[in-house]
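J.: Listed below are the residues making up each chain.
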Amino acid sequence: MASKSNFTNMVVVLTSICLVCAAILGFVYSVTAEPIRQAEVAKINNAIASVVPEFNNNPSEEVFEVDGAQVYPAKMDTTVVGYAVKIKTSSFGGPMQMMVGFDNAGNIYNTSVISHADTPGLGAKMTDNNIKLRTELVGINPASVNLSVKKDGGDIDAITAATITSRSFLKGVDLAYQVFLKVQSQN
Amino acid sequence: MGKLKLISDGIIKNNPTFVLVLGMCPTLGTTTSAINGMGMGLATTFVLILSNIVISSVAKIIPDKVRIPSYIVIIASFVTILQLLLQAYLPSLYETLGLFIPLIVVNCIVLGRAEAFANKHSVCDSALDGIGTGLGFTIALTVLGCVRELLGSGSFFGLKLIEGDGMLAFILAPGAFIALAYLMVIFRKVTGKKA
Amino acid sequence: MEYVIMFISAIFVNNIVLSQFLGVCPFLGVSKRVDTALGMSAAVTFVVALATLVTYLLQGLLVKLHIEFMQTVSFILVIAGLVQMVEIILKKISPSLYQALGIFLPLITTNCIVLGVAIQVVTNEYSFINNVGAANPNMMNLPQAVVFAVATAIGYSVALILFAGIREQLELSNVPKVFKGVPIALITAGILALAFMGFSGLV
Numbered sequence: 001m002a003s004k005s006n007f008t009n010m011v012v013v014l015t016s017i018c019l020v021c022a023a024i025l026g027f028v029y030s031v032t033a034e035p036i037r038q039a040e041v042a043k044i045n046n047a048i049a050s051v052v053p054e055f056n057n058n059p060s061e062e063v064f065e066v067d068g069a070q071v072y073p074a075k076m077d078t079t080v081v082g083y084a085v086k087i088k089t090s091s092f093g094g095p096m097q098m099m100v101g102f103d104n105a106g107n108i109y110n111t112s113v114i115s116h117a118d119t120p121g122l123g124a125k126m127t128d129n130n131i132k133l134r135t136e137l138v139g140i141n142p143a144s145v146n147l148s149v150k151k152d153g154g155d156i157d158a159i160t161a162a163t164i165t166s167r168s169f170l171k172g173v174d175l176a177y178q179v180f181l182k183v184q185s186q187n
Numbered sequence: 001m002g003k004l005k006l007i008s009d010g011i012i013k014n015n016p017t018f019v020l021v022l023g024m025c026p027t028l029g030t031t032t033s034a035i036n037g038m039g040m041g042l043a044t045t046f047v048l049i050l051s052n053i054v055i056s057s058v059a060k061i062i063p064d065k066v067r068i069p070s071y072i073v074i075i076a077s078f079v080t081i082l083q084l085l086l087q088a089y090l091p092s093l094y095e096t097l098g099l100f101i102p103l104i105v106v107n108c109i110v111l112g113r114a115e116a117f118a119n120k121h122s123v124c125d126s127a128l129d130g131i132g133t134g135l136g137f138t139i140a141l142t143v144l145g146c147v148r149e150l151l152g153s154g155s156f157f158g159l160k161l162i163e164g165d166g167m168l169a170f171i172l173a174p175g176a177f178i179a180l181a182y183l184m185v186i187f188r189k190v191t192g193k194k195a
Numbered sequence: 001m002e003y004v005i006m007f008i009s010a011i012f013v014n015n016i017v018l019s020q021f022l023g024v025c026p027f028l029g030v031s032k033r034v035d036t037a038l039g040m041s042a043a044v045t046f047v048v049a050l051a052t053l054v055t056y057l058l059q060g061l062l063v064k065l066h067i068e069f070m071q072t073v074s075f076i077l078v079i080a081g082l083v084q085m086v087e088i089i090l091k092k093i094s095p096s097l098y099q100a101l102g103i104f105l106p107l108i109t110t111n112c113i114v115l116g117v118a119i120q121v122v123t124n125e126y127s128f129i130n131n132v133g134a135a136n137p138n139m140m141n142l143p144q145a146v147v148f149a150v151a152t153a154i155g156y157s158v159a160l161i162l163f164a165g166i167r168e169q170l171e172l173s174n175v176p177k178v179f180k181g182v183p184i185a186l187i188t189a190g191i192l193a194l195a196f197m198g199f200s201g202l203v
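Residue numbers (the working numbering), protein chains in the order written: chain A, 1 to 187; chain B, 1 to 195; chain C, 1 to 203.
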């Protein structure tokens with residue numbers, strides 16, 4: 001069984017275990033760093049592709065920042081067809097990132113939730129593409145409706161039993177719209 | 001001792017969830033659906049098998065007094081490796097399990113098996129023990145996940161069976177506790193064991 | 001005001017055991033009697049506050065060196081070391097306090113609350129508690145982190161002590177044989193969690 005402990009062997013063993021572990025971890029980190037980065041990029045690209053009309057440029061390369069939000073222009077043969085706005089906000093369970101896409105007229109093309117920490121089965125339903133909260137937004141202009149849940153006197157149906165999530169989702173959409181307006185006024 | 005018995009012990013006689021009642025946090029926290037429960041179970045199994053193997057092979061050279069810190073460092077390293085691998089190759093699972101991945105470090109099952117089994121047995125036996133205990137844990141989590149998903153959202157492994165929302169309480173905290181209690185009772189009845 | 005909301009949220013709305021499932025093992029293990037529950041609560045509160053303070057500073061160092069992936073390893077080592085140190089110091093300077101808390105300290109290293117809160121504090125943005133929908137939330141600052149840790153630990157204590165009180169009564173009641181022990185405790189915890197759900201939406 002385990003050997004007798006004295007000061008030297010305790011220090012030597014513990015130090016060498018830490019060193020070996022750190023070395024292994026460093027190695028695994030360097031191997032996985034690239035796949036992790038790619039996975040993240042792929043996620044963003046997927047989100048962009050799902051929220052703007054068809055495009056043939058690489059929006060990730062033309063990204064620019066407005067008010068702390070990332071704006072990805074989607075272009076078809078150098079004509080802008082829409083903008084995807086990445087918003088970082090906070091919801092019921094913690095930080096949440098979402099992508100809101102607008103066409104040139106300022107109508108919402110589609111929305112996508114990139115990451116969130118809300119309750120599975122409740123707030124997490126906002127990742128469902130067929131949830132009423134999100135399908136209702138498609139094609140409308142945020143200026144033409146009251147972007148808040150019906151409970152607060154707005155025009156949008158909240159997710160059942162997840163009012164807080166729905167509220168923060170709509171706030172995120174509104175934030176994205178403000179960013180979009182700024183982008184448009186600059187052009 | 002038969003090699004097969006080492007595995008079956010971990011699943012039935014010493015089932016970490018239903019008999020030993022260890023590792024309750026991930027058991028309750030990640031089983032909102034069958035697939036999440038299974039993911040968590042397999043993640044823990046990965047760490048359990050590897051840490052059992054490594055600890056049983058280095059146990060002889062570790063002085064008794066720094067035993068626990070050494071085990072913790074080894075376990076934490078495997079957890080970090082798992083974290084990096086999941087992030088790279090299964091990012092969606094990594095995100096669903098969230099905080100519970102780093103918390104595998106403090107899952108009493110892993111340290112418990114290291115202390116109670118791996119440091120006294122051969123590498124091969126320890127690996128089998130890791131597989132058995134891990135499977136026991138995975139099965140328990142998957143079953144609990146199935147029950148909660150079925151009652152709470154009316155689906156089975158993500159497949160919608162019943163329209164509508166189901167009993168939301170089962171997705172939330174209270175249902176987790178109560179579903180686990182009843183599963184434990186059923187397990188006791190079936191195996192004829194007392195606590 | 002900000003801190004008051006933080007406390008209410010951590011104790012009632014997002015109770016760490018009853019809605020986030022952290023620290024369930026000791027929650028079931030040391031809740032048979034109210035006085036042991038009290039001892040455990042005090043020890044947890046102390047260690048969580050201290051560990052959060054140290055790991056928060058450590059995270060700053062990790063970020064500076066770009067080795068955030070070492071978070072889990074370094075946090076757990078620091079926590080284990082810290083618990084040992086607290087034990088030794090307590091033994092020397094206050095034997096009576098050591099008598100009361102001593103046996104709980106070694107158990108705390110593997111209490112996932114300590115590591116859980118430490119990680120939550122450095123990764124979660126604080127603003128979700130009082131400002132849902134805020135743009136670009138920031139990481140908690142140090143005082144907020146420590147207050148958050150203390151509030152969470154107090155939430156844990158409240159749940160643990162309430163639960164211990166119920167279990168003391170439960171000892172006297174006639175429980176079906178197969179439900180004895182853990183199952184009935186889990187059902188009790190479930191009902192307690194149901195009661196705490198009534199607080200959701202409070203802040």
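Please note: incorrect hints may appear among the correct ones.
[Unchecked claim] Selected chain C positions facing chain B (in silico; Cβ < 10 Å):
| # | residue |
| --- | --- |
| 1 | Phe21 |
| 2 | Ala42 |
| 3 | Thr45 |
| 4 | Ala49 |
| 5 | Leu50 |
| 6 | Leu53 |
| 7 | Ala80 |
| 8 | Phe104 |
| 9 | Asn111 |
| 10 | Val114 |
| 11 | Ser157 |
| 12 | Ser173 |
| 13 | Gly181 |
[As the list claims (entries may be wrong)] Within a straight-line C-alpha distance of at most 30 Å, the following computed DSSO-like cross-link-like pairs (lysine-lysine) qualify:
| # | chain 1 | residue 1 | chain 2 | residue 2 |
| --- | --- | --- | --- | --- |
| 14 | B | Lys13 | A | Lys43 |
| 15 | B | Lys13 | C | Lys180 |
| 16 | A | Lys151 | B | Lys160 |
[Unchecked claim] Across the chosen pairs, the derived CB separations fall in these ranges:
| # | chain 1 | residue 1 | chain 2 | residue 2 | range |
| --- | --- | --- | --- | --- | --- |
| 17 | C | Ser94 | A | Ala23 | 39 to 45 Å |
| 18 | C | Ser94 | A | Val11 | 28 to 34 Å |
| 19 | B | Leu90 | A | Pro53 | 28 to 34 Å |
| 20 | A | Leu19 | C | Lys177 | 49 to 55 Å |
| 21 | B | Ile162 | A | Gln184 | 55 to 61 Å |
| 22 | B | Leu159 | C | Asn174 | 24 to 30 Å |
| 23 | B | Leu90 | A | Val145 | 16 to 22 Å |
| 24 | A | Ser5 | B | Ile162 | 25 to 31 Å |
| 25 | B | Leu161 | A | Val138 | 25 to 31 Å |
| 26 | B | Cys124 | C | Ile5 | 29 to 35 Å |
| 27 | A | Asp67 | B | Leu90 | 32 to 38 Å |
| 28 | A | Thr8 | C | Val63 | 30 to 36 Å |
No lab work stands behind these hints, which were simulated from the structure alone. Ideal placement from N, C-alpha and C gives every residue a C-beta, glycine not left out.
J.: For the hint on Asn111 (chain C), does the least C-beta distance to chain B fall short of 10 Å?
T.: Asn111 (chain C) check passes; min Cβ-Cβ to chain B is 7 Å, inside 10 Å.
J.: I want to verify a distance hint. Is the separation of the beta carbons of Thr8 (chain A) and Val63 (chain C) within 30 to 36 Å?
T.: 35 Å, holds
J.: Identify whether the interface hint at Phe21 (chain C) stands, where standing means a beta carbon of chain B within less than 10 Å of its own.
T.: 4 Å, holds
J.: Between Leu19 (chain A) and Lys177 (chain C), is the Cβ distance one that fits in 49 to 55 Å?
T.: Holds, at about 54 Å.
J.: Can you tell me whether the CB distance of Ser5 (chain A) to Ile162 (chain B) sits inside 25 to 31 Å?
T.: 60 Å, violated
J.: Under the criterion of a CB-CB separation shorter than 10 Å, is Leu50 (chain C) in contact with chain B as hinted?
T.: Violated. Min distance 17 Å.
J.: Does the hinted range 16 to 22 Å hold for Leu90 (chain B) and Val145 (chain A) at CB?
T.: Hint violated: Cβ distance 38 Å, outside 16 to 22 Å.
J.: Min Cβ distance, Val114 (chain C) to chain B: is it shorter than 10 Å?
T.: 8 Å, holds
J.: Should the interface hint for Phe104 (chain C) be scored as holding, given a Cβ-Cβ cut-off of 10 Å against chain B?
T.: 15 Å, violated
J.: Take the C-beta atom of Asp67 (chain A) and the C-beta atom of Leu90 (chain B), compute their distance, and say whether it sits inside 32 to 38 Å.
T.: Taking Cβ atoms as reference, Asp67 (chain A) and Leu90 (chain B) lie about 34 Å apart, which means the hint holds.
J.: Range hint 39 to 45 Å: satisfied by the CB atoms of Ser94 (chain C) and Ala23 (chain A)?
T.: 41 Å, holds
J.: Closer than 10 Å between Cβ atoms is the bar; does Ala80 (chain C) clear it against chain B? Give me holds or violated.
T.: Ala80 (chain C) check passes; min Cβ-Cβ to chain B is 6 Å, inside 10 Å.
Hint compliance for this structure: hints 2, 3, 4, 5, 6, 8, 11, 12, 14, 21, 22, 23, 24 and 26 are not met, and every other hint is.
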